[in-house]
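Respectively, the protein sequence lines represent chains Y and A. Here the numbering used here is used: position 346 in the first sequence is 346, and no number is missing along the way. Here the numbering used here is used: position 179 in the second sequence is 179, and no number is missing along the way.
Please note that the accuracy of each hint is not assured.
[What the hints assert, rightly or not] Covered stretches of chain Y (chain A as the covering partner; in silico rule of three or more C-beta atoms under 8 Å from a C-beta of chain A):
1) 48-61
2) 193-202
3) 337-344
4) 715-729
Hints were generated in silico from the structure; no laboratory data involved. Remember, it's a predicted structure, so these values are computed and weren't measured experimentally. All C-beta atoms, glycine included, are put in the ideal place defined by N, C-alpha and C.
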Amino acid sequence: MRPRSFSQQDETAEAERWVPSTCGICSIGCGVEIGVAGQQIIGVRGVPGHAVNDGRLGPKGLNQYYANRHTSRARFPLIRNRSGRLVRASWDEAMQLVVDRFNEALAADGPDAVGIYNSGQLLLEEYYTLGKIARAGLGIATIDANTRLCTATTASALMESFGADGPPGAFEDFDHAECIVLIGHNAAEQSTVLWMRILAAKAGPLRPKVIVVDPRRTLTVSSGADLHLQLKPGSNVALLNGLCHLLIENGTIDRDFIARHTVRFDQFRAIVGRYTPDRVEAICGVPAAELRTAAEWIGRSKTTVTTCLQGVYQSNQAAAAACTMNSMHLLMGKIGRPGCAPMQFAGQPSSMNTRETGADGTYPAYRNWEDRNHMIDLAKRWNVPVELLGKKPVAAPEIFELCEKGYIKVLWNICTNPAVSMMHRSTHLRTLNGVFLVVQDCFGDTETAQLADVVLPSAMWGEKSGCMTNAERRCTLLRKAVEPPGEARADLDIFLDFARRMNLRDQSDEPLIRYADPEGAFNEWREISRGCIPDYSGMTYRKLAERDGIQWPCNDRHPEGTVRLYTDPHFPTGWRISESYEKDLETGHEHTLEEYREKRDPQGRAVLIATDYQPPLETTDDEFPLIAITGRQAYHWHTRTKTGKAPQLSDAAPDVFVGMNGADAGRAGVVDGDRVRIVSRRGSAVAPAKVGDVVPTGVVFVPFHYGDLAEEHAANNLTPPTWDPVSKQPVQKIAAVRVERIETTAARAWWQLEEIR
Amino acid sequence: MTARHALAPSLEQQLAKGIAREMSGIAAIDAAITYASPDYVVMFHDAKMGKQANVEQMATLVRMHGGTPDERGGVRRALSRTQAAVASRVSTTLTLQAMRLAEMELVELYSEAVMSADGLVRRGLSRTLGRALVHTHLLTAHLAKRTGSHTDASLLPAPLGDYFVGGEARACMRCHLDRPGAAGPLERRDPHPYTYICAACHDEVLGEFAPDMAVQIDRWPRAVREATVIQHAIGHLSKLNAIGRALHPLAGLEPELPTPASERAVIVPAMTPTPGPARGERAGAPAVDIADGLEGEYVKKLFSARQVWRAW
């Protein structure tokens with residue numbers, strides 16, 4: 001297949017040099033080159049022949065550089081003065097204020113009085129440093145990342161099924177698959193390059209069947225699905241149970257694999273056996289015949305790749321559904337070989353690193369916080385007392401609750417915008433207003449930065465060096481192309497400064513953080529991860545620079561990295577290595593070491609997990625008869641802090657809308673373009689209605705990218721304060737609402753205009 | 001670092017002692033936890049978190065005043081670990097007795113330190129004292145229940161029945177007691193991890209749901225409702241609420257809850273954000289490679305928003 005060539009650059013400028021890097025938008029990790037003229041980024045192009053994208057890029061990737069030079073970039077530290085205005089300050093003043101506030105809160109009330117909420121967009125070296133500061137320096141458990149809203153369920157599902165986080169497969173598995181199943185994964189809008197790759201594979205010799213499981217008839221469905229299972233929101237578990245039931249009934253399972261490499265088949269069969277096609281149809285609304293077809297295609301194909309994304313992770317019974325997807329693959333023995341992978345996906349470009357390094361509240365390199373030997377090993381490598389490690393992680397929704405109720409007094413918010421993205425938004429806006437809020441960001445006017453007490457300006461993509469690891473465990477090195485604007489600093493430099501000012505030291509009274517640059521941080525990380533599941537010890541900056549990234553584990557045994565895990569197939573479920581002692585999928589409570597070792601330990605085999613379907617906690621009634629799904633669009637990323645600044649993307653999707661089915665719209669007297677108010681039990685949003693058949697009856701869709709403080713249009717005004725018991729990922733795809741027509745406007749809605757590019 | 005005066009030598013010594021003893025206590029808990037029953041494992045974990053918080057608080061105070069905290073714990077740490085490992089193999093009661101003894105020493109130490117401190121140091125040490133007092137009373141209540149000791153029961157500020165409703169000393173995984181309440185206790189066993197939430201905590205957690213969820217509780221199937229209550233009960237916020245609202249009074253302290261953030265919120269002057277592309281910014285020219293077949297059709301559509309919206 002010939003390489004593709006995608007590029008974009010300013011019409012009036014010519015690149016003086018092209019700097020190798022990795023796309024900083026989604027979790028695919030496309031190889032790019034950054035075009036630079038003088039000290040400005042003027043274009044981006046895909047790298048032909050690159051192992052991940054072969055030259056392809058999506059609209060968001062091609063347009064990401066406009067954000068770098070936008071006027072809203074944070075250029076200088078800001079401090080809120082006595083009259084309440086954010087005014088320019090020196091780095092020394094700003095950092096000292098942050099350090100004083102941290103010290104005061106820690107000294108007066110203890111570690112629960114401070115919190116750190118970071119990102120899925122930093123670099124590996126930054127996450128590692130931040131995690132070490134939090135765990136070994138400040139001794140706090142209240143650190144998490146916005147990956148909690150994104151792919152926390154990925155980690156949980158992999159831990160529960162296989163013993164540890166770490167996606168088993170690779171993107172090349174899509175090229176070898178005869179059947180591809182996308183569950184709650186709108187790849188055509190969210191993983192555009194992967195979707196191009198899948199469509200290219202459909203034109204290849206295997207001509208894979210593509211099955212899409214989604215309540216909406218998305219672009220993925222219309223541009224390449226062979227079968228669309230249009231289920232009701234929140235019913236993933238029932239559907240997956242039904243598929244597993246049929247695989248067993250059809251005999252399309254691998255009994256030898258099940259016997260040798262898994263545990264608890266009998267319990268699994270007993271549960272999924274209750275999900276006959278008719279029952280699944282009753283729960284999910286998916287015709288029994290379609291479910292049977294899907295099971296036939298999945299079961300009869302020699303190779304299958306399945307993905308899950310936010311339609312699973314941000315929905316009802318998130319971890320349970322994701323585990324059942326893993327189980328489906330285990331049933332068929334479709335794991336650890338080409339074309340066979342349960343791909344629990346990642347959302348952001350470095351969300352894998354958040355999880356690997358511990359910036360999401362876990363301990364580095366998939367160490368189990370409850371396992372004293374894991375903690376002793378880490379304490380030795382960090383040279384800190386083991387007694388201060390082993391704290392149960394506190395997840396982001398809990399951190400925000402602690403802020404809300406007044407326990408956390410100081411919150412350090414790094415490279416994320418919870419004032420738009422967090423569920424139950426109105427409560428959290430008051431919360432963010434009431435804590436001492438430090439915002440470290442490359443933009444000075446995000447909705448969260450507007451509420452800050454201190455703003456620390458940071459460098460962004462293209463302005464600093466370091467690594468990112470994508471959703472197939474591929475670590476790539478990104479190189480600095482230009483200097484950050486004004487006095488903005490690399491996030492790593494800000495962390496190093498903080499650690500120095502806090503006087504954080506190890507047991508030998510030496511500075512806790514001894515390195516001074518990204519490569520030093522990476523080299524320490526290599527040693528911390530040595531011998532662990534995500535083993536980076538065999539990687540070096542030099543080696544990474546010479547390749548299209550390297551997939552971990554990379555060590556003496558696998559110097560070129562590892563394409564896929566569990567080829568043996570031996571799983572890290574034994575009590576000595578497991579990252580978790582198996583949590584209760586209904587409550588999130590975890591077995592003790594003793595319980596796990598004595599009764600549950602699968603000893604290297606994977607766990608077949610099934611759960612009964614439970615309806616969502618958020619319920620419809622006469623007052624709130626519809627279910628609102630929040631979600632993403634092809635042209636925006638998260639809260640538009642980057643993509644909103646690109647002319648083409650902003651033109652393509654300038655504002656919020658409410659997607660409605662024609663039948664529901666008719667009942668409400670709404671026609672396409674009418675302004676409507678969508679109301680939930682906790683808030684409302686106003687937007688024009690986009691009427692069509694993308695969403696089924698009983699469901700509305702609101703993109704979550706928009707949330708200006710002065711507007712009433714944020715999707716998260718509607719979402720409930722609920723989260724998955726195991727992964728603690730908020731349920732942002734189920735809010736009971738009603739739609740009220742406000743007015744029919746003479747002006748046409750923006751999507752009705754011809755000039756949309 | 002902001003210039004601060006050094007701590008008085010006596011206070012610095014007391015902090016060093018406090019850190020060393022808390023570190024020993026943690027070492028003892030780490031050793032004991034291996035042999036404990038699931039409810040006591042949770043209780044010990046939470047006790048450890050409290051001790052870690054005390055260490056971090058005191059270490060911060062030392063650091064703020066220009067010193068370097070010694071968090072090694074010395075010989076005492078190794079000794080405590082060994083004692084706890086031995087005791088926990090023999091009996092839980094013995095472990096609890098040893099823990100209480102260590103905790104009472106800490107109460108004495110912190111009480112003295114609070115008296116000799118002022119300002120932020122006093123505030124911080126009052127918090128460490130509070131944790132030690134709560135833990136001491138928790139241990140005393142368990143010992144009174146387990147041994148039937150009237151002497152221990154008489155040390156408690158409330159009748160033993162306020163701490164334990166049943167015939168045995170069970171440790172709720174939220175408050176670590178077994179307090180009476182209206183909704184009844186929640187218990188789950190194999191194949192679930194052993195879980196126990198006492199009746200009082202059940203009631204209190206039901207009262208913690210945000211109003212928009214509270215109105216829906218009665219619609220949830222019983223199993224879902226109970227699982228959701230457990231999920232919340234073992235969460236960090238709910239456990240802190242239990243300490244402030246329930247365990248403080250049962251340790252003879254005033255209830256203690258912080259001021260909610262919304263009450264501290266101030267009106268932030270409006271900013272003038274600059275959403276959208278920068279003024280004068282012009283869209284670059286994308287060069288997009290259109291392949292054959294489905295991929296090409298999709299790419300054409302993707303790079304023409306009009307077509308995407310038409311499909312909506």
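*Tell me, in ascending order, the numbers of any earlier hints that this structure violates.*
3
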